[in-house]
Amino acid sequence: GTLDEVKSRGKLNCGVSSGTAGFSAPDAKGVWQGFDVAFCRAVAAAVLGDPMKVEFVPTTGQTRFTALASGEIDVLSRATTWTFSRDTDLKLTFAGTNFYDGQVFLVKKELGVSSAKDLNGATVCIQSGTTTELNLAEYFRINKMTYEPVPVDSSAEGERQYQAGACDVYTSDGSNLASVRASFPNPSDHVLLPEIISKEPLGPIVRQGDEQWADIVHWTESALFAAEELGVTKANVDQLADGSDNPEINRLLGKEGDLGKMLGLDAEWARRAIAAGGNYGEIFATNLGDQTPIRLERGLNALWTKGGLMYAQPFR
Amino acid sequence: MANAITFPTLEPHQAFRLSMLLNDGRYRSYTIQIFVLMCLMLGIAWLVDNTIRNLALLGKDFSFSFLWSTAGYDINQRLIEYDTQMTHGRAALVGLLNTVVLAVLSCALATIIGVVAGVLRLSGNPIVARLTVVYVEVFRNIPLLLWILVFGAIMSEAVPAPNAFKGENATAGMILGAVAITNRGVFIPEPLFTRDLGTLNLGIVEPSLNAIAVLVVVIACVLISRVLVRHANRVQSQTGVRPVIWWKTMTVLAAPPLLLLWALGFHLGYPELRGFNFQGGFQLRNALIAMWLGLGIYTGAFIAENVRAGILAISKGQTEAAHALGLRPGKTMRLVILPQALRVIVPPLISQYLNITKNTSLGLAVGYMDLRSTLGGITINQTGRELEGMLLLMLIYLSLSLIISGSMNAYNARVGLKER
Amino acid sequence: MEPHIETVIDRNRMMVSDEIAIRIEDMNKWYGNYHVLRDINLTVKRGERIVVAGPSGSGKSTMIRCINRLEEHQAGRIIVDGIELSSDLKNIDKVRSEVGMVFQHFNLFPHLTILENCTLAPIWVREIPRKEAIDAAMHFLEKVKIPEQAHKYPGQLSGGQQQRVAIARSLCMKPKIMLFDEPTSALHPEMIKEVLDTMIELAEEGMTMLCVTHEMGFAQAVANRVIFMDQGQIVEENNPHDFFNNPQSERTRLFLSQIIRH
Amino acid sequence: MEPHIETVIDRNRMMVSDEIAIRIEDMNKWYGNYHVLRDINLTVKRGERIVVAGPSGSGKSTMIRCINRLEEHQAGRIIVDGIELSSDLKNIDKVRSEVGMVFQHFNLFPHLTILENCTLAPIWVREIPRKEAIDAAMHFLEKVKIPEQAHKYPGQLSGGQQQRVAIARSLCMKPKIMLFDEPTSALHPEMIKEVLDTMIELAEEGMTMLCVTHEMGFAQAVANRVIFMDQGQIVEENNPHDFFNNPQSERTRLFLSQIIRH
Amino acid sequence: MTERNPAFVRGEMLPAREPPAGQTGLLKLLRENFFKDWLSALLTVMSLIVSVWFVCSVFPWLFDSVWNANSLSECRQILAGAEGACFAVIRDRWTQLLFGFYPPEQYWRPVLAFALMIVALAPILFPPVPRGLLRFSVVFPGLAYWLIWGGTLWLPVVVYGGFAVGAVLLRMTGRLGAGPGAGLAIVSALTWWFVAPGPVTTVLEQLLPLSLAPVASREMGGFLLSIVIGVTGISLSLPLGIVLALGRRSKMPLVKTISVVFIEFIRGVPLITLLFTASLLLNYFLPPGTTFDLILRVIIMVTLFATAYMAEVIRGGLAALPRGQYEAAEALGLDYWKAQRLVIMPQALKISIPGIVNSFIGLFKDTTLVVFIGLLDPIALSNSIRATADWQGIYWELFIFIGALFFVFCFGMSRYSMHLERRLKTDHR
Ligand SMILES: Nc1ncnc2c1ncn2[C@@H]1O[C@H](COP(=O)(O)OP(=O)(O)OP(=O)(O)O)[C@@H](O)[C@H]1O
Ligand SMILES: Nc1ncnc2c1ncn2[C@@H]1O[C@H](COP(=O)(O)OP(=O)(O)OP(=O)(O)O)[C@@H](O)[C@H]1O
Ligand SMILES: [Mg+2]
Ligand SMILES: [Mg+2]
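Residue numbers (this note's numbering), protein chains in the order written: chain A, 1 to 316; chain B, 1 to 420; chain C, 1 to 262; chain D, 1 to 262; chain E, 1 to 429.
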């Protein structure tokens, strides 16, 4: 299975986007950074014991599924929406949702638009080859409005076109637009319209047919949620791993039970995954949160206990 | 030739031996060809077998039925009717038409630029010649993709947005009140008719009868003017003097179409700023313009070199001979230089057309919805039919190429110089 | 040097009129700062046949090309058939349609058949009906002995045949004067004779000819006068007999000795 | 026609053996539907020197090229040195290494030096050690009197020298038979003699030679037999003396008169 | 003037004189070159206006450029509203644009490989260079592979061993005739390549370790990637192109048809569809479960692409050879392959060098298309640079840098190929 391949190779091949601020982009030293990247590092830490043993494969909207199907990458972590046809027809397995997003519209304040319903006749920048494109077409169709699509092939390109005024509206996932807006010289000149026209559950994907590998990816993700729920952080994970009075933490970090073995990994897998970049909340904060230029709110991505949708399956 | 000396007589027909398969010129070529054929068949069989097994492994089949399912995505530039509820096949057709339109426009632009630059480069004026050299070298030595991106950037960065046309203190204005150059495209007046003859339903497309009527009349006028020219030729060959017919041909070419247009109530629909954008008129989108300029100017540099080479290939002696015979420069050009230069220029020109057609596939870079972006892009991406989609895509490009190179061969066969 | 010409034509049979065909007075020409032609003075009478000789680079071609204004002269006068060559385009046209020229490299139009080569100028310059132009062309092609090639293309003919076509093409304009610029020097030796024969025939008919050539046999057989040029000037001018047997100038002697040795 | 050959070599000194070198029986060849060679019959004995003459297009080159299978014949037989030419590639290779051929346009390999031209085939076909091949090549280059050019490239030599190299190159394969296809017709007249001299020397050594040429002086001096071809057939075959002085066929007479006048 | 009859002899030669006034000097130069007629004058004026406008609009921006900053916003602060370029991005990222993510401490390896490439090309491109260097040209590909990808030097050595095995077998089976001998040699070489590299390399490596730190091809990007793809594509396509060109000229109808179909197919589809084939389809055509490096797949497709064009270039070279060369080789008894190798190809290839250089320029420019399948060529890197928070919004500076580098490369090469063409022309005369 994929697990053995990864182990014998000694590297995890992880498909990411070649450049989306906050999610994945190489820095000046060529080290990949971002939310999607951090997730891959967690998987690598769990499986191989070293978060740096990841080979990042930049994929485009077009090549991503083929790269996965052909075995070029082991996991695709590229803000890909979980949809019915992708899951079934394209033979993919979604290993869970690690980011709840929704499609929104970004417009300039000076246009005086306050609702998406006012956008009749507008020119809309949109990344081609994404679900966004289909949502957009449907939304305008339902509301009996017309629009002029301007297809772009990357987020950076869409942003440039929007800024230059080549389109009135830029539509994309809310997280993306928030980071785009944040990077503008004066963000307050732009508004995100209140309508969220689609649900975009994003998450890592693996090939269909390798249940063990899908489980590993899914439970690594879950471990990160659970760690946040249980208050396990990058800082205290080593200390808690030596034993705590919470049995669930003990099970999670390999002190009790043999959950790791059931996955085909060793006992400390989750501990390493958490140590790699912290729990889910920490990953979010370092890549997308308030301290970053992107300044994204947790919103739906908060824990279920805090009004969000993030909910770890029980480690038992 | 009787000769007494005994001579080793050999049997006239040697029996077939196996070694002749390799040593006998007649059989060896068959041996080799059968060997090659077998290798080829084995190779193809191997590929097909792999493909079938891979498809089975992925649980996919091989079928083109996806072409008849709903596309769902939008195409901004469409020459025939299209909306999101139509099929992927229809979307591919729209893309194909966009490809063809772009190719035709770019070929025209490249030819004009190339011919002008090629001629200017040979002009005695050193400044102009130097500038054309700069143009040719700069464009030929930098990748086309970069140029397309640059033109895309120019069109969206250096050109005013529509709302710059708005209000009292507008910072931009329309050219002659009819053409608006904005960073969403160039808006030009569109032809409109007050008397609409309706449309002709041909199944796939529904062309407007007005357009057909205009086209028919124009073609008829061209044919008539050809008759006039032929008549002039006849008069010339009989009397030696060529009758002056330019005004007749002009009239024939211009008057009937103008009359028809008047009868149909032809007028121009001017673009107007309404709402977010200019409405009315004809919109040439940025992607089209960036691709058009990129392809046209880039390829123009190559054509300029071909043109220059073509003109240089006609030796100075030809001009001198024509002058010595008393032919004026204009006639020398028309009767002696051009017919010869064209023979040299046209074949490489057509292969540049071929390049343009293939290079339209870079439309993706600026979001031009050509065949590759529709069928080879969004459709494949949505349906996961990369095998079928790519095959179809390649076949279509191949047919376009074959059509173009076929026309080149026909031209070569027609004008090839006769040699000893 | 093999003499290609066996028969010396009867010079007296060809009358030289007193009319002046070409008159060049103190003509000078520069290429940039390079003084190619220096004080050229030459008068050619109608019916005269003049051979111009001289070392390479001496300006022979340039002089002859000035006569139908393929090159512009900068000082002095050239009067052809009573028309002075200046920058007046009308005059140039008139002169060019009176003066035929045959080049070293034939310069036939390769995209036209032999017949079309010959009728092009008559039809478009003289504005003669096509029928007549064709008849005339066939007549001249017969004269140069290749009427059967009329519908071939130049590329299909041998060098000698091509040069004869070039002569016929010039003749089709019915010129009063013919200029030849080394018409045989690009030809294979076997073909030189057929071209020279054609030229001799032309000379016998009394055509005014100015001929740059190194075929001394031809000069001896046909020329009324031989002109020797060097360094852009006319160095010696004489009748062929004296020119070859008793050259006056040192340079001529040197040149002749070289030519004949070669 | 200038006779380039002054000395008529002593024919008796050169023995003609009774062995047969080449035998052509009822050979026919077509180019498409065009019948180029018709019922050719010819026997050449070892040591014989045969000159083939005839008007252009009569099939001389084609016949000679059939002998080493540069062209394929379609009917009849060709037996060279006891080997019948058929489509058997081994036989063709054998024949080709016994038969040397010299072309009108030399066809030296311009990317190789003279010496490399001469050693190429011995090394790669005969598989002789390089050292020996070079010695042999130098020997033959001395024979054709250009050993000093051995390290130049063909482009640096004159036509005559190139043709002599071409002969030396053939000789390096130690052929039993040499074929010449108009070896002098692409040469400037001054260079013809040096090539003919080389060929005469070869003849004196008793090489079997089949030579297409229009050099009648050479034919008279060297040939045992002259063969006259026209329209793809052998029209006359005779000893040189009778051939030139007393031709039997009308066509031969016509041809000789043309050749000699030109 | 005087009538000079019958004879005239010039006593002393006339000296050369200066041309009359108005025929020389600046004025004439101007008049003749720039203002000959109204069209020329118009063109002159227009060209001047265009040049001046271009200079005025671009130069202030260029000269006012900022080289020291860490982000675009810092640049903007420094410029304080003035028009100016922010070349700090180049300063910040130029190594990335050149090498991609190649480990910085290993940069010397590709640089050395590039320098060696010039040495290896020298004997082919510059005739005065001693021919002996050709041996180095043969060794170079293996050496370059080792330098760039690292790993053990023994791997390329063992791969070269395959050629040696083939050559030895060809020698030994020479008696069998060319066809079977060559076949056997090819089969044995292929067997060697399939069987030997693994074990033999390991053994040799244990005996004498010669290793460099391995670098994955994924780490390569920028111009390094363009050059690697371009150079490998062209050099691999050369032998294949020769075979294909010979196939296209073959008298055997089947061989000819196959060659023509292949060439026309490849030349008839855009390169980008072939690249998509490499990234999307190649896996379908290979046995299930085989995956290999995307860059390798791209190189395969690019090689096929270049092969078709190369075959046409070489076919041109072959066609330019006079028939006599073939006939002379045949008459000397050389068989087809020997004639090709010793006589025909050396000449045809020499004639084709300008064409080959031009194909290389084209291919090198076309390597930018790999951006569409997610490889990090310079253009893709410029996109990902623009995706970082620091340089979001920067545009022209990156394009200018990339364009300038391409220009220098391609222009240099195209000049060189023109020079070659001229030299060939004089060589032939
Ligand atoms: N277009 C030109 N520009 C500059 N110099 C020229 C030009 N044409 C000819 N010349 C020079 O003018 C001189 C005379 O040239 P011309 O061709 O008249 O000589 P020629 O006597 O015909 O020589 P040849 O026997 O070689 O034809 C030569 O020195 C030549 O180099
Ligand atoms: N490859 C070919 N295909 C068709 N016809 C050919 C070919 N080669 C020669 N011929 C024709 O065959 C005839 C004989 O040609 P060949 O070259 O043998 O004549 P030749 O006697 O050598 O003439 P020459 O003295 O001109 O060399 C000619 O009519 C020629 O046109
Ligand atoms: Mg001259
Ligand atoms: Mg012949």
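Heads up, a few of these hints could be off.
[As the list claims (entries may be wrong)] No more than 35 angstroms apart at the CA atoms, straight line, and that leaves these computed lysine-lysine pairs for DSBU-like:
{"hint": "1", "chain 1": "A", "residue 1": "109", "chain 2": "A", "residue 2": "234"}
{"hint": "2", "chain 1": "B", "residue 1": "331", "chain 2": "E", "residue 2": "338"}
{"hint": "3", "chain 1": "E", "residue 1": "251", "chain 2": "B", "residue 2": "331"}
{"hint": "4", "chain 1": "C", "residue 1": "131", "chain 2": "C", "residue 2": "174"}
{"hint": "5", "chain 1": "A", "residue 1": "53", "chain 2": "A", "residue 2": "234"}
{"hint": "6", "chain 1": "D", "residue 1": "174", "chain 2": "E", "residue 2": "36"}
{"hint": "7", "chain 1": "D", "residue 1": "131", "chain 2": "D", "residue 2": "143"}
{"hint": "8", "chain 1": "E", "residue 1": "251", "chain 2": "C", "residue 2": "152"}
{"hint": "9", "chain 1": "C", "residue 1": "145", "chain 2": "D", "residue 2": "193"}
{"hint": "10", "chain 1": "A", "residue 1": "7", "chain 2": "B", "residue 2": "316"}
{"hint": "11", "chain 1": "B", "residue 1": "60", "chain 2": "A", "residue 2": "199"}
{"hint": "12", "chain 1": "D", "residue 1": "143", "chain 2": "D", "residue 2": "45"}
{"hint": "13", "chain 1": "C", "residue 1": "94", "chain 2": "B", "residue 2": "60"}
{"hint": "14", "chain 1": "E", "residue 1": "36", "chain 2": "C", "residue 2": "94"}
{"hint": "15", "chain 1": "C", "residue 1": "152", "chain 2": "C", "residue 2": "176"}
{"hint": "16", "chain 1": "E", "residue 1": "338", "chain 2": "D", "residue 2": "145"}
{"hint": "17", "chain 1": "C", "residue 1": "94", "chain 2": "E", "residue 2": "251"}
Source of the hints: derived by calculation from the structure; they are not laboratory data.
- prompt: CA of residue 53(A) to CA of residue 234(A), is that 35 angstroms or under?
  reply: Satisfied, since the Cα-Cα distance of roughly 19 angstroms is no more than 35 angstroms.
query: residue 94(C) and residue 60(B): Cα distance at most 35 angstroms?
result: Distance ~82 angstroms between residue 94(C) and residue 60(B) Cα, so the pair is violated.
- prompt: Taking only the CA atoms, is the gap from residue 145(C) to residue 193(D) under or equal to 35 angstroms?
  reply: holds, 34 angstroms
message: Can you confirm whether the C-alpha distance between residue 152(C) and residue 176(C) stays at or below 35 angstroms?
response: The hint holds at about 28 angstroms.
query: CA of residue 60(B) to CA of residue 199(A), is that 35 angstroms or under?
result: Distance of about 28 angstroms is within 35 angstroms: holds.
message: Given the hinted pair residue 131(D) and residue 143(D), is their Cα-Cα distance within 35 angstroms?
response: It holds: about 19 angstroms lies between the C-alpha atoms, which stays within 35 angstroms.
Distance restraint between residue 143(D) and residue 45(D), which requires alpha-carbon spacing of 35 angstroms or less: holds, 25 angstroms
- prompt: CA of residue 7(A) to CA of residue 316(B), is that 35 angstroms or under?
  reply: Judged against 35 angstroms, a Cα distance of about 74 angstroms means the pair is violated.
query: Taken at face value, is the distance from the CA of residue 36(E) to the CA of residue 174(D) at most 35 angstroms?
result: The hint is violated at about 69 angstroms.
- request: Please work out if residue 131(C) and residue 174(C) have their alpha carbons no farther apart than 35 angstroms.
  value: Judged against 35 angstroms, a Cα distance of about 16 angstroms means the pair holds.
task: Starting from residue 36(E), check that the Cα of residue 94(C) is at most 35 angstroms away, please.
output: holds, 24 angstroms
query: Within 35 angstroms, alpha carbon to alpha carbon, are residue 251(E) and residue 152(C)?
result: holds, 32 angstroms
The structure shown violates the earlier hints numbered 1, 2, 3, 6, 10, 13, 17.
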